[in-house]
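Protein chains: 2
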Amino acid sequence: MTAAPTPRRPWEETASAGVSEVRTLALDGLFTLAGGRTLERVDVAYETYGELDATASNAVLVCHALSGDSHVAGLRPGEDPARAKPGWWDIMVGPGKAIDTDRFFVVCSNVLGGCSGTTGPASIDPATGAPYASGFPLVTIEDMVDVQAKLLDALGIDSLAAVVGGSMGGMQAIAWARRYPERVRAIVADATTPRLGAQAIAFNEVGRQAILTDPDFANGHYYDALAQPDVGLGIARMIGHITYLSDDSMRAKFGRRLVDRSDYRYEFVHEFEVESYLAHQGRSFVDRFDANTYLYMTKAMDYFDLAVDADSLAAALRETRARWLVLSFSSDWLFPTASSLELVRALQVVGAEVSYAEITSPYGHDAFLLEPERQHAYIAPFLAHAGSEDR
Amino acid sequence: MTAAPTPRRPWEETASAGVSEVRTLALDGLFTLAGGRTLERVDVAYETYGELDATASNAVLVCHALSGDSHVAGLRPGEDPARAKPGWWDIMVGPGKAIDTDRFFVVCSNVLGGCSGTTGPASIDPATGAPYASGFPLVTIEDMVDVQAKLLDALGIDSLAAVVGGSMGGMQAIAWARRYPERVRAIVADATTPRLGAQAIAFNEVGRQAILTDPDFANGHYYDALAQPDVGLGIARMIGHITYLSDDSMRAKFGRRLVDRSDYRYEFVHEFEVESYLAHQGRSFVDRFDANTYLYMTKAMDYFDLAVDADSLAAALRETRARWLVLSFSSDWLFPTASSLELVRALQVVGAEVSYAEITSPYGHDAFLLEPERQHAYIAPFLAHAGSEDR
Chain A
8 MTAAPTPRRP WEETASAGVS EVRTLALDGL FTLAGGRTLE RVDVAYETYG
58 ELDATASNAV LVCHALSGDS HVAGLRPGED PARAKPGWWD IMVGPGKAID
108 TDRFFVVCSN VLGGCSGTTG PASIDPATGA PYASGFPLVT IEDMVDVQAK
158 LLDALGIDSL AAVVGGSMGG MQAIAWARRY PERVRAIVAD ATTPRLGAQA
208 IAFNEVGRQA ILTDPDFANG HYYDALAQPD VGLGIARMIG HITYLSDDSM
258 RAKFGRRLVD RSDYRYEFVH EFEVESYLAH QGRSFVDRFD ANTYLYMTKA
308 MDYFDLAVDA DSLAAALRET RARWLVLSFS SDWLFPTASS LELVRALQVV
358 GAEVSYAEIT SPYGHDAFLL EPERQHAYIA PFLAHAGSED R
Chain B
8 MTAAPTPRRP WEETASAGVS EVRTLALDGL FTLAGGRTLE RVDVAYETYG
58 ELDATASNAV LVCHALSGDS HVAGLRPGED PARAKPGWWD IMVGPGKAID
108 TDRFFVVCSN VLGGCSGTTG PASIDPATGA PYASGFPLVT IEDMVDVQAK
158 LLDALGIDSL AAVVGGSMGG MQAIAWARRY PERVRAIVAD ATTPRLGAQA
208 IAFNEVGRQA ILTDPDFANG HYYDALAQPD VGLGIARMIG HITYLSDDSM
258 RAKFGRRLVD RSDYRYEFVH EFEVESYLAH QGRSFVDRFD ANTYLYMTKA
308 MDYFDLAVDA DSLAAALRET RARWLVLSFS SDWLFPTASS LELVRALQVV
358 GAEVSYAEIT SPYGHDAFLL EPERQHAYIA PFLAHAGSED R
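The listed protein sequences correspond, in order, to chains A and B.
Under the working numbering, read the first sequence as residues 8 to 398, first letter to last.
Under the working numbering, read the second sequence as residues 8 to 398, first letter to last.
So that you can see chain A by itself, here it is in the shape it has in the complex (with noise of 0.2 Å):
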């Protein structure tokens, strides 16, 4: 007797959502931000995956968190499939997948203030020929999806099958239902909320102390320097990763361990495993991230409220026509499970069709990152209902 071939699970690498590429569209018009001030030029990167059909009806929107952009999925032109790393959420974007591109059109575009082909504080400004720099203005979550709505504008897209994302992402996704509420026919929250308490602001703003006080900062103009804020960055994404994990998954993957040896050193070295993975952190993520974005970034969080001019969440979301799906992770102490049932009671309260789930997970607010099969679960049969039909 042979055994029977392993079915493969659609939220494996195998059903990869190919090759992608990053196009740029330059906004039209002046762009006007929440704060008051306008942007000349606005540029967005963004990608696709699957085909828009006919009615352009078929479109989902996913939005990234903060250090993403928008690669979600497959791999950049040129990259050794072998080797490369996929897109941030090639577990939850392809054929087949929860976010299935054989059946939906995929866009992702780099947010407004990121650093990855949207326009943001390394951008030229036309107004003097050099980087915004700090003279970039702070947008809000708000700013960000009135870009993206923009895109879909020109992509000919009305109305989207739905809108998904995860933390920064997800509040970008909420967004969404106040903003453009006839533009979108489902809504997937995960790992988010729809304002931050006062530990995540607090978090958020040690990491900005740590890269607004590194000298190689000065004050935001270092893009010609031969230095850059990179001590500050790191310590940044430090804090930021601790609250990324959880005490259990930090417990369980590192532990007490040492590095190389099971005597303590006496020096100031690293010599615990976590602290040499947090160096490693710290450092990778200076060569690919702007120390200006995480500041826009982290300052677009702090200030995302959905009820800050309504009454109450409730009143904030009555305009919603969508269906919800609102997912929360167990362990996940930096957006918890309390604040996405906030979310979920307000929609309650005004009748939407909500959807909630909290996925038992070890691996804190991470887990949207990590977790395939278990968010597949809850968002391929929600979004399977998502289709054309439903306009």
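Hint data in this document are derived by calculation from the structure and do not stem from the laboratory.
This one's a predicted model, so the numbers in the text were calculated from it and none came from an experiment.
It is possible that some hints are incorrect.
Identical chains share a label here; the pair holds if one copy fits it or two copies do between them.
As a list, the in silico SDA-like pairs of lysine to any residue whose alpha-carbon atoms are at most 25 Å apart [as the list claims (entries may be wrong)]:
{"#": "1", "residue 1": "K260", "residue 2": "V357"}
{"#": "2", "residue 1": "K260", "residue 2": "E349"}
{"#": "3", "residue 1": "K260", "residue 2": "W340"}
{"#": "4", "residue 1": "K92", "residue 2": "A22"}
{"#": "5", "residue 1": "K260", "residue 2": "S338"}
{"#": "6", "residue 1": "K260", "residue 2": "D60"}
{"#": "7", "residue 1": "K260", "residue 2": "T344"}
{"#": "8", "residue 1": "K260", "residue 2": "A317"}
We have chain A; now place chain B onto it with these hints.
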């Protein structure tokens, strides 16, 4: 009908331990540290409260936490009682309080490596005539305890009625059980752990990196410089502060309230109350604390592992003859209940007399400094049995 006068509660500040003055003792002989290095001269700054009885049997050693000192209760000479802040554990130490100075002779000394009178990195190295700075040897919790034991020798105290400590002070209390089991009759391990997990080490490490990478740190040799590593120490303290509070207590204390206006400013300034609170905590800490000592204390905490050279926590505790009281706080996520329970279970395995409680409190790790009444309820009766009669 007149209302009966409210009875005075023993934990109220009215029962002051009085005025306490720091004394300094120079230890005899060379002091050898766990790491193998030696110190030619160790001075210990200490304070005492109450009277030592004729048989020197009523001494209670109180051990301080990371940022504490020997001034556990009462006022310093010359301080105005109406305006001065009393010692760091005034809620627990004084006449009629849980650690009753009418009954016990309370000793509290600044730890080895500290910056409040006991020999540490800011002290003069006799070999060079200059401050040790980063030339000071790394210390362990066991080294701190050894210095305390020598201080007690000099004070004529063979046996402690109790050793009591919270947080890093609790680590010292636990270390006493292993290092000098014959000298301690009761142990209160409050908001502490027999070893830190990866998450707590990670937070300590990020704080250290903020200091070590501050350009004004100058490899620790900043004592005679114009600038000190205040920025790095301030950031380390901010991180620490977030971990000392709980998400709930921060939500209750600050929420999303803005400092001085109801609208966002769209600038990188302190807008949320929690940001300005953290900035204040960072600033005020650098005025009273030494960055090098911060490095040495956090490293000592990271190193502490009661079972480091034993097969198990229980094996490490086999020699204990003390009665134990272990306390944890429900919202303390830095020294969580789970690690207190590890200690309790190990003590049960070796048949030690151990009493345990998780105190319900919203205040996170700081609860041990903020919950007089609930701690009194456990510590006072526990110590009531810790007199000379139990020798």
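Tested hints:
1. K260 <-> V357: neither (42 Å within a copy, 30 Å between copies)
2. K260 <-> E349: between (32 Å within a copy, 19 Å between copies)
3. K260 <-> W340: Classified as both: same-chain Cα gap 18 Å, cross-chain 18 Å, threshold 25 Å.
4. K92 <-> A22: The answer is within: 14 Å in one copy meets 25 Å, while 65 Å across copies does not.
5. K260 <-> S338: both (15 Å within a copy, 24 Å between copies)
6. K260 <-> D60: neither (45 Å within a copy, 51 Å between copies)
7. K260 <-> T344: both (23 Å within a copy, 21 Å between copies)
8. K260 <-> A317: between (43 Å within a copy, 22 Å between copies)
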